[in-house]
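Chemist: Residues per chain, in single letters:
Protein chains: 2
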Amino acid sequence: MPEYTGYVGRSLEFLKSNDIAVGDTVKLVGDLTYSGIIMPRYEHSDDKHIVLKLSSGYNVGLEIDKLEKIEKLFTSGKSIDTFQKLEENPSLPKVLLLSTGGTIASKVDYRTGAVTPILTAEELNLSVPELAKIANIDTEVIFSEYSENIVPDHWLQIAKKLIEYSNSDYSGIIIAHGTDTMHYTSSFLSFALAGYPIPIVLVGSQRSSDRASSDAALNLIGATKFLVECKTNGVYVIMHHNESDETIACHFGTRVRKNHTSKRSAFQTIGGDPAYIIINNKIQRNVKDDFFKVKEFKPKINLDTKVALVKYHPGYDPRLLDKIIDMGFKAIIFEGTGLGHIGKTMYDCVKKAHGKNIFLGMTSQCIDGRIGMTVYESGRDLLDLGIIPLENMIPEVALVKAMWALGNSQNNEEIKKIMLENIASEMSY
Amino acid sequence: MPEYTGYVGRSLEFLKSNDIAVGDTVKLVGDLTYSGIIMPRYEHSDDKHIVLKLSSGYNVGLEIDKLEKIEKLFTSGKSIDTFQKLEENPSLPKVLLLSTGGTIASKVDYRTGAVTPILTAEELNLSVPELAKIANIDTEVIFSEYSENIVPDHWLQIAKKLIEYSNSDYSGIIIAHGTDTMHYTSSFLSFALAGYPIPIVLVGSQRSSDRASSDAALNLIGATKFLVECKTNGVYVIMHHNESDETIACHFGTRVRKNHTSKRSAFQTIGGDPAYIIINNKIQRNVKDDFFKVKEFKPKINLDTKVALVKYHPGYDPRLLDKIIDMGFKAIIFEGTGLGHIGKTMYDCVKKAHGKNIFLGMTSQCIDGRIGMTVYESGRDLLDLGIIPLENMIPEVALVKAMWALGNSQNNEEIKKIMLENIASEMSY
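Respectively, the protein sequence lines represent chains G and Z.
For the first sequence, the working numbering begins at 33 and goes up steadily by one.
For the second sequence, the working numbering begins at 33 and goes up steadily by one.
Each hint should be verified, as a subset may be incorrect.
Here are the in silico distance ranges between beta carbons for each label pair [what the hints assert, rightly or not]:
no., chain 1, residue 1, chain 2, residue 2, range
1, Z, Tyr-36, G, Lys-263, 47 to 57 Å
2, Z, Lys-59, G, Asn-444, 49 to 59 Å
3, G, Lys-383, Z, Lys-59, 50 to 60 Å
4, G, Lys-332, Z, Thr-377, 21 to 31 Å
5, Z, Phe-106, G, Asn-454, 21 to 31 Å
6, Z, Asp-413, G, Asp-358, 25 to 35 Å
7, Z, Lys-48, G, Asp-413, 49 to 59 Å
8, Z, Leu-44, G, Asp-358, 44 to 54 Å
9, G, Asn-454, Z, Lys-332, 30 to 40 Å
10, G, Arg-412, Z, Thr-377, 50 to 60 Å
11, Z, Gln-316, G, Asp-305, 54 to 64 Å
12, G, Gly-303, Z, Val-326, 33 to 43 Å
Bear in mind the hints are in silico, worked out from the structure with no lab data behind them.
Computed from a predicted model, the values in this text were never measured in an experiment.
Every residue gets a Cβ at the ideal spot worked out from N, C-alpha and C, and that includes glycine.
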């Protein structure tokens, strides 16, 4: 029974009249000649294009009016259910792939084009056959959530699972994860599992496979290569690097941020180059220092979510800060302006918060650059009020670190010490 | 009485032994030869450097140990108090310089090196003598605040002052402003004064004149050139463009953000090139479209600050959103994750807010890129709950726009219409 998922109107007619269906391998001749597998279509489908998965891992959308010739090379034979487990090659290193959900695990099947709402880690592995040439990949699903629905309890589940494998013979561990909150998760793992002996990489995809130019396969391949070849540890985010080529970037998990809603190259290291760049078979190291500043692996997987992130702006109502204080929050991370400022209208509430022994940390809504609270009067006033400048920590990372610090200490002086100790490259110099 | 402000230890001795003081014009020979004016030093002063203001407007810090020769060319004669009003050249266009405070107006005197905590607009004009060659500059102080202390009432004061000059013979108006919240102010003026007949530019400086490489003079000169030469209207932010040269960038006031705490090139147009680039005497236009989409100037200088900016993150406590609803906020601008998502834990509160007729707008904490709420389940759920996707509006701009919209309408449907109407290039396509 041929499949035409997502094709409508003229594009559906075009496929049927050429005896082509989703999953078939075809050669298409237009301005250029393309060979690949017909993919299903989902969101925003018009009826003017068909989508082809190229052997590079990229999908392209082709306008049917510009195609001169279409030739079927192979008919889709197997569905995903009939996939055989890949043969292991005992000479290859072992990698563990843990799935938590997200785009990368949701609408992805690179061979047949079939899409399941939840793709297991094993299917993810099987659907990118290139992976089996680099490593023997074991797979496990931890849970399946789009990352906007990931909450700190999920971080704990992932951390606990990783602890189970801290003494394994894996070269490294891939965590397939939605991109929306990936850098929050990577930050938590960086602190909670500081010193973890083998590298951990979080991998996602910005575009699902039913859209042109999906990046899922390339990101997974890049991550696997990194784990197998780089003899280092740390927590990393591996994603597409830029629009123009097939470069993959490997970012420190505490220095990275999603800086674009939709681009494949949305993830950027703040204030520097990515830690590693993966181009084809070469891995280029850009950082000198190790990721973990703490060398001994002593997991601390506790957290306390009573931390508020307060982004200051003109017109911010200090009564809102007052509510935060009254609600029993134990730490406030400010996203101040510029070098780390908040307006004078906030001072009374800040005094009150300090009096209640709430940890008060300052980051900047500029995102890039270091906090500098001794330069201007305002900064010095805020230091006097008990606000702690958090160097160049990214606001979201400071938030997660504060949750983790609160989970591991009740003592305000100790919390301050933890916040200012560079544990996992969250501060750079 | 010679002045040595900020010089201590060896650098003070160096100046004294060479009979040089702050304000003197000197020639220094080291690896290179520099001529300029000795500047005072303030924050973080070591005793190894002296600071020289070059004729380009830049300051440089020079290590005294590396200087081979120092020669005094002129002794500082006049103090700022004895400045004469510059002669007007009737053939030059007129520009108005309004001062509101900030670094640019606080520690700046480019000729003598004398520093006053509050420099008036007139002194600012007099202290950059290059300005008088480009335009006849009238000056006025509106108020004097570091921009972290600027509140929406200040926006109204600036807007009212600008209305007074809407029928003047000025080529354009410069607003000297602190950099911390400059893009909030530029956004408010863009909406409130949509269609304003002559160009308005906000100018600041990232580094005060007592530090090496101050950018104040160059930014002011660039702004004046822009106002005199560009026959356009709109609200712009003019700041240093990059680290490597003397390029000045002119940004649309609704598409710009301070993206670094300290770099001179901190200001960036989000998702595109700056509207104009000013290199030496050339002004290059990068945008095709006019800034204002509204052509007729009908000022609407009302606002209502009952808008909350809610940056969603894993572990965000929905009870905080609940408090915002109960406190009587009339609009909430979400900084969602990715394409515009917030977690399921928030849905009940969002429903409640929608039921209370609170305007709910979605922007992204990615900052760059467009909101896309039809791509994933979560986005579609949130649309159903009444959240309005705000295209690619920068979160801070959406916040200011919502304050302004609430000030001009009580009707929720009308507010929604205002928020989605592209008034001053706040959305780009």
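Chemist: For every hint, state whether the structure bears it out.
Modeler: Results for each hint:
no. : hint                                 : in the structure
1   : Z:Tyr-36 with G:Lys-263: 47 to 57 Å  : holds (56 Å)
2   : Z:Lys-59 with G:Asn-444: 49 to 59 Å  : holds (55 Å)
3   : G:Lys-383 with Z:Lys-59: 50 to 60 Å  : holds (52 Å)
4   : G:Lys-332 with Z:Thr-377: 21 to 31 Å : holds (25 Å)
5   : Z:Phe-106 with G:Asn-454: 21 to 31 Å : violated (49 Å)
6   : Z:Asp-413 with G:Asp-358: 25 to 35 Å : holds (31 Å)
7   : Z:Lys-48 with G:Asp-413: 49 to 59 Å  : violated (35 Å)
8   : Z:Leu-44 with G:Asp-358: 44 to 54 Å  : holds (52 Å)
9   : G:Asn-454 with Z:Lys-332: 30 to 40 Å : violated (49 Å)
10  : G:Arg-412 with Z:Thr-377: 50 to 60 Å : violated (39 Å)
11  : Z:Gln-316 with G:Asp-305: 54 to 64 Å : violated (29 Å)
12  : G:Gly-303 with Z:Val-326: 33 to 43 Å : holds (38 Å)
The structure is inconsistent with the numbered hints 5, 7, 9, 10, 11, although it conforms to all the rest.
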